Amino acid sequence: MSLQMITISNNIALIQPGFSLMNFDGQIFFFGQKGWPKRSCPTGVFHFDIKHNHLKLKPAIFSKDSCYLPPLRYPAICTFKGSLESEKQYIIHGGKTPNNELSDKIYFMSVVCKNNKKVTFRCTEKDLVGDVPEARYGHSIDVVYSRGKSMGVLFGGRSYMPSTQRTTEKWNSVTDCLPHIYLVDFEFGCATSYILPELQDGLSFHVSIAKNDTIYILGGHSLVNNIRPANLYRIKVDLPLGSPAVNCTVLPGGISVSSAILTQINSDEFIIVGGYQFDNQKRMVCNIISLEDSKIEIREMETPDWTSDIKHSKIWFGSNMGNGTVFLGIPGDNKQAVSDAFYFYMLRCSEDDVNEDQKTFTNSQTSTEDPGDSTPFEDSEEFCFSAEANSFDGDDEFDTYNEDDEEDESVTGYWITCCPTCDVDINTWVPFYSTELNKPAMIYCSHGDGHWVHAQCMDLAERTLIHLSKGSSKYYCNEHVEIARALQTPKRALPLQKPPMKSLRKKGSGKVLTPAKKSFLRRLFD
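Numbering-wise, the working numbering puts 310 at position 284 of the sequence shown, and it's gapless, one number per residue.
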């Protein structure tokens, strides 16, 4: 095992606990930034380019027929190949949006074009019917293959308390999802839940490994009991012509761990890195998992030469890069100027290549959520990756992301109280205008130093909002519009042009007009 420190350019703030990495033919892509995407990279997906132990994040491109993919943190991810001829896809389910909302959607992400190492992605959303799994995070999704067919298997995770039990004080309180096994038909979008007597308590942040028709579930954390049971389950799925059959077997030899990272070193061996033994204790030892036929063996292996910073940090997070390589992060020194910075490392567990056509896929929750967001140490995901990365070299053909010119959302955030009557709340907001997707529409008030207000709070019609967004005219909010009108300088009125008074004496006449006729002529010209 070798551990190298990774330096990162000024986009380091994008890498926060909860991200995931995807490997497409040896190229690594970053997904799940903290906060909503900005102008420099509206897709929120970046090429994870590491050269000479230096990382650059370069914006990725999506095709025009792609759906919108929000920056989900802590989703369940796995790879999927419908057939030997089809391209590898990533399946993304659940996770947290930057608004702290949980997603119940499922996305398919694939490569549609690759020229000179520039990759164009397509993302499609699949609607599920039947026993649709509730929105969640900290769960796992895997693909099993049986009798020439494939099926997705979803298990575990956490979700918000039912709406009838949520209060203002406990609005973001989470609970374990029911320990149901969900089978998802990716072709037709049908989901079916199964209740197995061996699975009694909900689990999250567990490790799962899928091979052929079998899934192994290892470790995890139970919120209701606040324990990390050393359980090891084997889920076997049979896909005959009729209804699927799902069986669960409890195996001995499990380990107590949550939020661990799983990486694959060859077709039958995997390594568990990181995680937690207790709420305030990291798990510093590593384990190697061997699969052979229907047997699984877990044993300890040589511990990496951890640095003192890693040993003394209270939390750590990361993700699987593939090919036995793990990307790790720890909080930076609180004494430095940027207190929320992180230190990053790359741990190489093996230099061996992994067969790209193998049907073994790993799933490991890999990150710890920010201590302020929810329960410390436990909000991390197990992601699903095919271990096939063998190169991190490439040309600098992507534009490097630079966020220096972005607006500070702490000042111009979307969830501010824009006026005394503002009722836009991050937990209850729903789109009002057709142009809104995941953030409320805002408009700039030019009063004084200027400030942002919600268009909905200003009772703006959609036509007016679109007109103002296209033009350059100044806008004043309801609170300042009267002040602006009072300060306006009245327009200068042009004097009326009166025809010059001509001589009141008739031409060719020596007679003088009478006073009555003079008055009549004045009224006529006036």
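The hints are simulated quantities; they were obtained by calculation from the structure and are not laboratory data. Be aware that a few hints might be false.
[As the list claims (entries may be wrong)] Ranges of calculated distance between the beta carbons of each label pair, as one might list FRET restraints:
#, residue 1, residue 2, range
1, Val-138, Asp-264, 33 to 39 Å
2, Val-456, Glu-328, 26 to 32 Å
3, Ser-66, Phe-304, 37 to 43 Å
4, Lys-77, Phe-134, 28 to 34 Å
5, Glu-151, Ala-256, 34 to 40 Å
6, Arg-192, Val-138, 24 to 30 Å
7, Tyr-94, Asn-141, 39 to 45 Å
8, Leu-463, Asp-264, 40 to 46 Å
9, Asp-91, Cys-216, 35 to 41 Å
10, Asn-141, Val-456, 37 to 43 Å
Keep in mind the model is a prediction, meaning the values are calculated, not measured. Note that beta-carbon positions come from the ideal geometry of N, C-alpha and C, so glycine has one too.
Verification of the supplied hints:
1. Val-138 x Asp-264: 33 to 39 Å: At roughly 34 Å between Cβ atoms, Asp-264 and Val-138 fall inside 33 to 39 Å, so the hint holds.
2. Val-456 x Glu-328: 26 to 32 Å: At roughly 53 Å between Cβ atoms, Glu-328 and Val-456 fall outside 26 to 32 Å, so the hint is violated.
3. Ser-66 x Phe-304: 37 to 43 Å: holds (41 Å)
4. Lys-77 x Phe-134: 28 to 34 Å: holds (30 Å)
5. Glu-151 x Ala-256: 34 to 40 Å: Holds - the Cβ-Cβ distance for Glu-151 and Ala-256, about 38 Å, lies within 34 to 40 Å.
6. Arg-192 x Val-138: 24 to 30 Å: violated (41 Å)
7. Tyr-94 x Asn-141: 39 to 45 Å: Between Tyr-94 and Asn-141, where Cβ atoms are some 24 Å apart, the hint is violated.
8. Leu-463 x Asp-264: 40 to 46 Å: holds (42 Å)
9. Asp-91 x Cys-216: 35 to 41 Å: violated (24 Å)
10. Asn-141 x Val-456: 37 to 43 Å: holds (40 Å)
Hints 2, 6, 7, 9, counting from the list given before, are not met by this structure.
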